[in-house]
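Number of protein chains: 2
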Amino acid sequence: MIIIGEQINATRKSIAAALEARDEAVIVKAAQSQAAAGAHYLDVNGGDPREGQEARNMEWLIDLVQANTDLPVAVDSANPQAVELGLSKAKKKPILNSVSLEKDRLDGLLPVVSKFDCMVVALLMSDGGTPCGIDDRMANSEQLIKHLTAAGKKIDEIIVDPCFLPVSADAASGRAVIDAIAAIRARWPEIHIGGGCSNISFGLPKRRYVNFALLSQAIYHGMDTGLIDPCVPDIMATILAAEAVAGRDEFCMNYVMGMR
Amino acid sequence: MIIIGEQINATRKSIAAALEARDEAVIVKAAQSQAAAGAHYLDVNGGDPREGQEARNMEWLIDLVQANTDLPVAVDSANPQAVELGLSKAKKKPILNSVSLEKDRLDGLLPVVSKFDCMVVALLMSDGGTPCGIDDRMANSEQLIKHLTAAGKKIDEIIVDPCFLPVSADAASGRAVIDAIAAIRARWPEIHIGGGCSNISFGLPKRRYVNFALLSQAIYHGMDTGLIDPCVPDIMATILAAEAVAGRDEFCMNYVMGMR
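If you're matching them up, the sequences are chains A and B in order.
Start counting the first sequence at 684; every next residue gets the next number (our numbering).
Start counting the second sequence at 684; every next residue gets the next number (our numbering).
Since the hints were derived computationally from the structure, they do not count as laboratory data.
Be careful, since some hints might not be right.
The list cannot tell twin chains apart, which means a pair is met if one copy fits it or any two copies do.
DMTMM-like cross-link-like pairs, simulated, lysine to aspartate or glutamate; straight-line CA separation at most 20 Å [claimed, not checked]:
(1) LYS889 with ASP917
(2) LYS889 with GLU933
(3) LYS829 with ASP800
(4) LYS829 with ASP819
(5) LYS775 with ASP800
(6) LYS829 with ASP787
(7) LYS696 with ASP706
(8) LYS775 with ASP753
(9) LYS837 with ASP800
(10) LYS776 with ASP753
Using the sequences provided together with the hints, build the complete structure.
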């Protein structure tokens, strides 16, 4: 499982405050604790509506993260200026998080995708909205992957985010996204699949149980990338256990090592 | 999900001691706490190697459980005398736990199966051993279900226990049993599938994570019966969450009610 640490995101109050105050300690702690907990990439989001500010935030965050950990970053933005600056600062092959089929976003980011040696998250949203079934997710995957391969990406440089929707709103939405994951895995064996999946439990009590059930089932069907908080021990244990049960951990070595 | 409470089992030290001392309070507490926690059946096992003792234990346990809860029992024994006595004492339609393809066990129990109006657990073991793949589990299911329907059982009175084997011994064993569950579910849509699945984590640290991952994945593929301890809140939450994500809980009503 590829673990992308999700903590450094301006939608979190503590990170937004640290960005505003340029408080390095908060960011360094988030970076180092996620690295120690087993993250493979660190997501970096400096979202800010003020003109030019998101790019400045991105630059500051990436310099800080790279000065204090050895991990590659996931440049998390839909703003072409911030994305390009972020990717240009990356010392190790980064992830662009994310492109989608939304026309403005796609038009703005495809030139950047072509320009950099990076992985890219393909979020299955389009101007028509968020896909909620299997067929629409497959159709959007076909289209978006076509754009990305035309822009020079190999299949194993693409991480499809299938869009996890709340089961509280539609009881079929869990099974739909899991079956879509299985279909995407079957269609493109080399691709990566995953993203932030805690939206599945939106509106429900004790959300972690629903998140863990989704993770276990999605991993069984081919999800191999998680945008998660690796500092929550239960999440990492759930992922390692799900991989062991799904037959992706010979002799359970990863599980046993991870549980130490 | 059909929840069979597993606590009242002579392989547990506290239960063995209570059986020996005929200590009613221990058994009543185990029965009532499991009932309060949401069990639908209470498993009752009075295993004892001494001649005639298992049947005497079974009678004492079942009378006690039925005097103190309204739940039906699962008569847990391979001893025909104990099973027959247990089933004859049952006030509500019980479960016979379990028959298998092992010749002595099958020959001893089939006449009892025919005689009583009961559900029956079909454990897929045979004299050839424990099945570890999909094909052997399907072949054993076909044979055993043939015996049971010939003895008068309807398909929806049968609970197939697919035999959960440790992933620590064979990394493929989790995926094998889960895929077998999916195949059994597809072949007999009305049948019940499940059993005690904690054997999956034998030999591993922090076993609950592995048990929960297996439960989530197995429920997704059609497991609908669990021989579990309902007094462990995490287990019930995991089951309810897995059913919600798998699309078996309209409006997440069971999950929300269960989390109160």
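Earlier hints that do not hold, by number = No hint contradicted; all consistent.
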